[in-house]
Amino acid sequence: MTKKIYILLLFTLIVAAVSFTLSSQEITTSSVQPEKNISVIESFTNFVNSMGFTNMTWKILVMLSVSLVLLYLAIVKQFEPLLLLPIAFGMLLTNLPGAGLFNAELFADGHVHWDKFANGAGLLDYIYLGVKLGIYPCIIFIGIGAMIDFAPLIANPKSLLLGAAAQLGIFVTFVTAVALGFTPQEAGSIGIIGGADGPTAIFLTTKLAPHILGPIAVAAYSYMALVPVIQPPIMRLLTTENERKIKMQQLRIVSKTEKMLFPIIVTIIVSLLLPAATTLIGCLMLGNLMRESGAVERLSKTVQNELMNITTIFLGISVGATATADAFLNIQTIMILSIGIVAFGMGTAGGVLLAKFMNLFTKNKINPLIGSAGVSAVPMAARVSQIEGQKADNKNYLLMHAMGPNVAGVIGSAVAAGILLSMLGR
Amino acid sequence: MELLHINWTNTLTVVGFGFIVVIIILTLLILLLLLFEKSMSFFVSKKNHPSKKKKNTALQLANQHSLSGDEVAAISMALHLYFDDVHDFESNVIKIKRVERRYSPWSSKIHGLNNFQK
Chain S
2 MTKKIYILLL
12 FTLIVAAVSF
22 TLSSQEITTS
32 SVQPEKNISV
42 IESFTNFVNS
52 MGFTNMTWKI
62 LVMLSVSLVL
72 LYLAIVKQFE
82 PLLLLPIAFG
92 MLLTNLPGAG
102 LFNAELFADG
112 HVHWDKFANG
122 AGLLDYIYLG
132 VKLGIYPCII
142 FIGIGAMIDF
152 APLIANPKSL
162 LLGAAAQLGI
172 FVTFVTAVAL
182 GFTPQEAGSI
192 GIIGGADGPT
202 AIFLTTKLAP
212 HILGPIAVAA
222 YSYMALVPVI
232 QPPIMRLLTT
242 ENERKIKMQQ
252 LRIVSKTEKM
262 LFPIIVTIIV
272 SLLLPAATTL
282 IGCLMLGNLM
292 RESGAVERLS
302 KTVQNELMNI
312 TTIFLGISVG
322 ATATADAFLN
332 IQTIMILSIG
342 IVAFGMGTAG
352 GVLLAKFMNL
362 FTKNKINPLI
372 GSAGVSAVPM
382 AARVSQIEGQ
392 KADNKNYLLM
402 HAMGPNVAGV
412 IGSAVAAGIL
422 LSMLGR
Chain D
41 MELLHINWTN
51 TLTVVGFGFI
61 VVIIILTLLI
71 LLLLLFEKSM
81 SFFVSKKNHP
91 SKKKKNTALQ
101 LANQHSLSGD
111 EVAAISMALH
121 LYFDDVHDFE
131 SNVIKIKRVE
141 RRYSPWSSKI
151 HGLNNFQK
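Protein chains in written order, with this note's numbering: chain S, 2 to 427; chain D, 41 to 158.
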């Protein structure tokens, strides 16, 4: 048996040796151009030069450190991990030298250079197209709409005013940014951080000032995660103990018909008044109609879960990819991050102060703590109002009352974005 | 008006106009919602008019949405107390009670074993 195997192996080797000799003879006779000799030293030098380590600069090192810090905040500290993790990893990928995953020159001057795509674009370039063309924020808005219950807002329409007042932060920040030397387009994009609405901020920035998208997205999502830290001191500073103890009247029950008609009416009215806001408001209300109609349960579940999650991954990675060393490491970024926190603070203050002002005229008193929820950040800001209210009186339940201004803030920030787009858009 | 090479007229126009438009649009929505609420309550009251009522069932009463928060709380509390009373009161003291069984061929170990095993 073993002898047979040895004979078979020997035969195979002989056949292989003969065929190799014949083929090598054929190559030497048929080839016209002599193949270039590959030098081992040259190959090694090229390989070493192409390595990321040899192309490392201090800027890249800083950016990699920033992305690692963001990853730490997302994973360990749970700061908006669903978005901060992909953003931080996108930032990590884009700053790896030589990888060529994202090429900012393809999107230079605010335009997509389609001709350059043919010459070889990176993976993140293709994914970034969804941000650049304004697709991802709108899909996310459909998902948000499908998750939001507008019943507290319909039951207490006055909370829309609180949502409007909380947009004060956007406009105050706009003035601050202009005073600090930003162009009106950049200032508008920075101001929208005050709306505490990530998709709106990304949507407006891609339209007005795409070159500062990275810092704005990082600022918007980081500060949204910090809402429980930023808001309470401002809320306590602007309210008295007695005001924080105000118990609000129970909200009326909203019928299904009202809930269904609300998205349709809002879309028509807002779009006719402000066409620039149609994209965001339309998507938000489409998602909400899917939810409230009950006729498309499968679609509603899909936009709330699968579609939303897939888009979040793409949005996060591609937004993080825009944070290249050149675009991120400058004084502008530090200024954007500093002004962003002012925007959040001003928005919170605007809502609280208007609630106090409304109490001067209304019979049914409003707890001013719910005013702070006017800065979107659904449902985090409403939860902060509830927690602060319970600190003053542990039998006071403000959550549902705060959800009114909270969802009004989403509409308010989309409207504010539409206004800025119509006034500052090129 | 120029200060620090900034056109403040344009800036303040954007801010003033922008903020006012936000307020106006959202105020319009408030008015619409109030109108909406009135019309809905009108339709509900028309629907529940005594002449059109067939039977005053419990379901219809629940759908009238006329219960105040205090009433809802009182009913909830009453139900909670009632259902809480229904349960047996347990002492939470657990004891091992030894039971001495009298001999029976049904519980005999000897009869249970296979005596024919080789």
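Keep in mind that the hints are not guaranteed to be accurate.
[Said to hold, decoys possible] Here are the simulated lysine to aspartate or glutamate pairs, EDC-like style, with alpha carbons at most 20 Å apart:
(1) S:Lys246 to D:Asp110
(2) S:Lys159 to D:Glu140
(3) S:Lys364 to D:Glu140
(4) S:Lys260 to D:Asp110
(5) S:Lys257 to S:Asp150
(6) S:Lys248 to D:Glu77
[To be verified] Pulled from the structure, derived: some chain D residues nowhere near chain S, Cβ distances all over 12 Å:
(7) Met117
(8) Leu121
(9) Tyr122
(10) Phe123
(11) Val133
(12) Lys137
(13) Val139
(14) Glu140
(15) Arg142
(16) Trp146
[Unchecked claim] Chain S side only, calculated, beta carbon under 7 Å to chain D, not exhaustive:
(17) Leu72
(18) Tyr73
(19) Gln168
(20) Val416
In short, the hints are calculated from the structure, not lab data.
Even glycine gets a Cβ: it sits at the ideal position worked out from N, Cα and C.
Comparing the hints with the structure gives:
Among the hinted pairs, S:Lys246 with D:Asp110 is consistent with the structure: their alpha-carbon atoms are about 18 Å apart, no more than 20 Å. Between the alpha carbons of S:Lys159 and D:Glu140 the distance comes to roughly 75 Å, so the proposed pair goes past 20 Å and is violated. For the given pair, S:Lys364 sits about 75 Å from D:Glu140 by alpha-carbon distance, which is inconsistent with the 20 Å threshold. Pair hint S:Lys260 plus D:Asp110 does not hold up; C-alpha atoms about 25 Å apart against a cutoff of 20 Å.
Distance check on the hinted pair: S:Lys257 and S:Asp150 sit about 11 Å apart at the alpha-carbon level, within 20 Å; holds. Taking the CA atoms of S:Lys248 and D:Glu77, the gap is about 23 Å. The hint is violated against a cut of 20 Å. At the 12 Å boundary, the C-beta of D:Met117 stays outside the reach of chain S, the nearest C-beta of that chain being 14 Å off. With a least beta-carbon separation of about 19 Å from chain S, D:Leu121 lies farther than 12 Å from that chain, consistent with its non-interface assignment.
Every Cβ of chain S is farther than 12 Å from the Cβ of D:Tyr122; the closest lies at roughly 23 Å, confirming the non-interface assignment. Distance to chain S confirms D:Phe123 as a non-interface residue, since its nearest Cβ pair spans about 23 Å, more than 12 Å. With a cut of 12 Å on Cβ distances, D:Val133 stays outside the contact zone with chain S, its closest approach being about 34 Å. Under the 12 Å C-beta cut-off, the non-interface status given to D:Lys137 relative to chain S holds; the minimum distance is some 45 Å.
The claim that D:Val139 lies off the interface holds: its Cβ sits roughly 50 Å from the closest Cβ of chain S, which is beyond the 12 Å cut-off. Chain S leaves D:Glu140 outside its interface by the beta-carbon criterion, the shortest separation being 55 Å against a cut-off of 12 Å. Listed as outside the interface, D:Arg142 is consistent with that label: its C-beta sits roughly 61 Å from the nearest C-beta of chain S, beyond the 12 Å cut-off. Non-interface call for D:Trp146 relative to chain S: holds, since the shortest CB-CB distance, roughly 58 Å, exceeds 12 Å.
Evaluation of the S:Leu72 hint against chain D yields a violated restraint, the C-beta minimum of about 36 Å exceeding 7 Å. Here the hint on S:Tyr73 is broken, as its CB sits about 37 Å from the closest CB of chain D, past 7 Å. Satisfaction of the interface hint for S:Gln168 is found here, the shortest Cβ-Cβ separation to chain D being roughly 5 Å, below the 7 Å cut-off. Against a cut-off of 7 Å between C-beta atoms, the interface hint on S:Val416 holds, since the closest Cβ of chain D lies about 5 Å away.
Of the numbered hints given earlier, the model fails hints 2, 3, 4, 6, 17 and 18; all others are met.
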